[in-house]
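Novice: Protein chains in written order, with the numbering used here: chain A, 1 to 425; chain B, 1 to 343.
No lab work stands behind these hints, which were simulated from the structure alone.
Everything numeric in this text was worked out from a predicted model, so none of it was measured.
Glycine included, each C-beta is placed from N, C-alpha and C at the ideal position.
Among these hints, one or two may not hold up.
To be verified - Okay, the calculated beta carbon distance ranges per label pair:
id : chain 1 : residue 1 : chain 2 : residue 2 : range
1  : A       : Leu42     : B       : Glu269    : 33 to 41 Å
2  : A       : Gly380    : B       : Tyr246    : 18 to 26 Å
3  : A       : Val307    : B       : Arg184    : 21 to 29 Å
Said to hold, decoys possible - Straight-line distance between alpha carbons at most 25 Å, and here's what the computed BS3-like set of lysine-lysine pairs gives:
id : chain 1 : residue 1 : chain 2 : residue 2
4  : B       : Lys330    : A       : Lys226
5  : B       : Lys52     : B       : Lys67
6  : B       : Lys145    : B       : Lys343
7  : B       : Lys52     : B       : Lys210
8  : B       : Lys157    : B       : Lys145
9  : B       : Lys210    : A       : Lys226
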Amino acid sequence: MATESSAYDLEFDPGFESRRLRIVWYAVLAVLLLGGGYAMWLRITRGMASTNLTSTTPWGAWVAFYIYFVGLSAGAFLVSTLANVFGVEGMHRIDRDALFAAIISMVVALLFVWTDLGRMDRMYYPFIWRQFTSPLAWEVHAYVAYIGILVTELYFSMRYDLARIAERGSGLRARLLRLLTLGRTATSESSRETDRTWLKRAGIVGIPLAIFLVHGGTGVLFAVAKARPYWNSGLFPIIFVISAVVSGTALVMALYVLRTRLFDGESVDRDLLERLSKLLAAFVISDVALTTIDMLIALNSLHPHEVETWLIVMFGEMSWSFWWFMVGFGWVFPLVLLSKRSWRRTPGLMVAAGLSVVIGIVAVRFNIVVPPQILPVMEGLPHGSYFPTPVESLTSVGMIAVGLLLYTIGAELLPLTPLDRGDHS
Amino acid sequence: MSSTEERLPSIPDVGSDEFDAMVDAEQTDPREELEKTDYDTELGLAMAEDAKRVSRGELSSDDYWKKYDEVANAEFGEVYRATPNPSIESPDQTISDETAESLGCSVGSMDDVACGLAEGGQEAAGDEAAASDDERWGMVIDLQKCVGCDSCTVACKAENRTPPGVSYNVVMEEEHGEFPNVTRTNLPRPCMQCENPPCVQVCPVSATYKMDDGVVNIDYERCIGCRYCMIACPYGARYFDFGENYEGEVQADGEVTSPEYGVDRGPREDGASPVGNVRKCSFCTHRLERGEEPACVETCVGDARNMGDLDDPDSEVSEMADSTRAFQLKESEGTDPNVYYLK
Chain A
1 MATESSAYDL EFDPGFESRR LRIVWYAVLA VLLLGGGYAM WLRITRGMAS
51 TNLTSTTPWG AWVAFYIYFV GLSAGAFLVS TLANVFGVEG MHRIDRDALF
101 AAIISMVVAL LFVWTDLGRM DRMYYPFIWR QFTSPLAWEV HAYVAYIGIL
151 VTELYFSMRY DLARIAERGS GLRARLLRLL TLGRTATSES SRETDRTWLK
201 RAGIVGIPLA IFLVHGGTGV LFAVAKARPY WNSGLFPIIF VISAVVSGTA
251 LVMALYVLRT RLFDGESVDR DLLERLSKLL AAFVISDVAL TTIDMLIALN
301 SLHPHEVETW LIVMFGEMSW SFWWFMVGFG WVFPLVLLSK RSWRRTPGLM
351 VAAGLSVVIG IVAVRFNIVV PPQILPVMEG LPHGSYFPTP VESLTSVGMI
401 AVGLLLYTIG AELLPLTPLD RGDHS
Chain B
1 MSSTEERLPS IPDVGSDEFD AMVDAEQTDP REELEKTDYD TELGLAMAED
51 AKRVSRGELS SDDYWKKYDE VANAEFGEVY RATPNPSIES PDQTISDETA
101 ESLGCSVGSM DDVACGLAEG GQEAAGDEAA ASDDERWGMV IDLQKCVGCD
151 SCTVACKAEN RTPPGVSYNV VMEEEHGEFP NVTRTNLPRP CMQCENPPCV
201 QVCPVSATYK MDDGVVNIDY ERCIGCRYCM IACPYGARYF DFGENYEGEV
251 QADGEVTSPE YGVDRGPRED GASPVGNVRK CSFCTHRLER GEEPACVETC
301 VGDARNMGDL DDPDSEVSEM ADSTRAFQLK ESEGTDPNVY YLK
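Assemble the whole structure, with the sequences as input and the hints as a guide.
Specialist: The following block contains the structure:
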């Protein structure tokens, strides 16, 4: 194995394979960032009046995207643990990619929740004052701990390669990567073993943190709201975790194919692709089943608020987001693509399936957040109606672009693909 | 033109002499009044005469108090020493600090006395130290008396100067039946000031909390505007302040301010709290603190709203809340509101 890996040592050349694609991609990101930046300036100067939120519907697009990105992060992280904790064969190649995507997703999630605060200047208050019974108070701490775990894991996963590149290379990049080793520059096999041990330990701490606190906890945040019966269900946090894993797996699968093709210029490992696509299919089916069970519980309760909220979801003015995006892009379309073995081994189709799920889950998040805030909590109070304003949409696009930019910069600088291509086990 | 010709209609045609005579007829005899008390009548009369001279500017406040401090101390004793002197009430202090220091009576503000009176009911000002503050404020709304005029909503807006989109009180109106057999229920909805408030449970920074008097408070200096409490409130009683204003729509918009929760923030400013915060009814805490009823209670034309201490079993509200007609909104939520309704 040691002789094998040395053959790859000089092959560290991350970044776009095609210069033209690189320029086009950064140009697109620049446009999105400029638009988003302008919208953010409007949001800051005009305050929350720049949104379509009301006192009847106080949470909207920013909250939906916030839970979306927390879910994406938790899902991507859990996929990474398949390799570094559970030692599933052939998954090491996507380990770092998944961890890095998880970190970027958390950054974007926190950007969204920050933008959503009525007083953005008071964002650090939850670290000064707390409320023991508030899930949100717990969440902000869990997010910080979780980001810490993710960064620790990425460090231990990548350090060995960072040290090897820094040792052989020269120039700015080598110096930067040497800095990222935090002084642990040994390239011996024993140092690598130490890294793997600590990587596994961090992962073991991270799994319950991600499942129960970070994303399960975000589900709890909604589930405890007894005033909104649609959310007030014990199944809700579990559905949150499942849909997170769905979106995370889909994202990692799409990223794997895209980065291997566009950055590494290599051919996709079909076995790995099929492993991921089978996982994705299993998760999508679980998500469909649990959502259906939750719907049945709600409808059978005959609780007017629950029944009517489901009717709004399925037949209301925004029902297109349920049928086309949640059911169509999130469930049916990917399941069709995942249904045949030869399709599961076709990278192009799997990118389509992955991106379709990633978009479909956005609708899942919107359909979680908005519908229960349409019906008033008491008869006689005004009904809500919500669609994001251009400011809300553009700031969202801008914040997503920040995530894409950070990811691209990371993919251009860091050895996200293991130098030995991840087949060390 | 003489002034009599400019007289406005409906003003009676009488001169100032007639008015003075009317006042004199109504006035009580000072000597007679003072003799009813246990204290020195002559001293009282002398102090009153000199007080008039002070108000005419013939005597300085400093001299007045220098002259009477010792005798008053001897005559009234503890009551004199424990009562704040109105002349030393800041910021309108009328005597010099030096004189104030030398006086035997306690130096404090008259506001303290007023608050003591409000909290202690009918007790004398001298006993304000003993005043209790263990009320649990509660409201009882008699739906049979509510005519659905919405004047509580208007009074609340006028009192609390709430911006557009923020209405601490609303009246939910519901019609039942088919014409001509219709009835209408009007259900006024302030904040319920729940005993177990879900909003307090979820606030990540403890910016909203239950006070000893039963009122759920919001600390605008701490609220981060996450709106989780609005999600948690089963009564829709919380409103987000989007920073809008009634520009040119109401008189003195943005100038008259309301000391919500006892804090006067001055004129409304862009980006300054409570803009970007969540707001709600405070039972007019600032009015309760000075012994007044909330604006909605005071204004109610049908006398449907009642305010009082639910911890006092003999209070009117306690008796009403105990009646068989009484109910709370969404009792199954377990929030135990301090607002009761009478069927």
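Novice: Can the suggested window of 21 to 29 Å be confirmed for the beta-carbon pair Val307/A and Arg184/B?
Specialist: holds (27 Å)
Novice: Run the distance test for Lys145/B versus Lys343/B: straight-line Cα separation, threshold 25 Å.
Specialist: Distance of about 10 Å is within 25 Å: holds.
Novice: Hinted pair, alpha-carbon criterion (25 Å max): Lys157/B, Lys145/B. Please report holds or violated.
Specialist: Answer holds: Lys157/B to Lys145/B is near 22 Å, not above 25 Å.
Novice: Are the Cα positions of Lys52/B and Lys67/B separated by 25 Å at most?
Specialist: Answer holds: Lys52/B to Lys67/B is near 15 Å, not above 25 Å.
Novice: Taking 25 Å as the top limit, are the C-alpha atoms of Lys330/B and Lys226/A close enough?
Specialist: holds (12 Å)
Novice: Holds or violated: the 33 to 41 Å window for the beta-carbon distance between Leu42/A and Glu269/B?
Specialist: The hint (33 to 41 Å, Cβ to Cβ) is violated, given that Leu42/A and Glu269/B are roughly 20 Å apart.
Novice: Is it true that the CA of Lys210/B sits at most 25 Å from the CA of Lys226/A?
Specialist: holds (19 Å)
Novice: Tell me if the straight-line CA distance from Lys52/B to Lys210/B falls inside 25 Å.
Specialist: violated (48 Å)
Novice: Holds or violated: 18 to 26 Å for the Cβ distance of Gly380/A and Tyr246/B?
Specialist: At 24 Å between Cβs, range holds.
Taken one by one, the earlier hints fail for this structure at numbers 1, 7, listed in ascending order.
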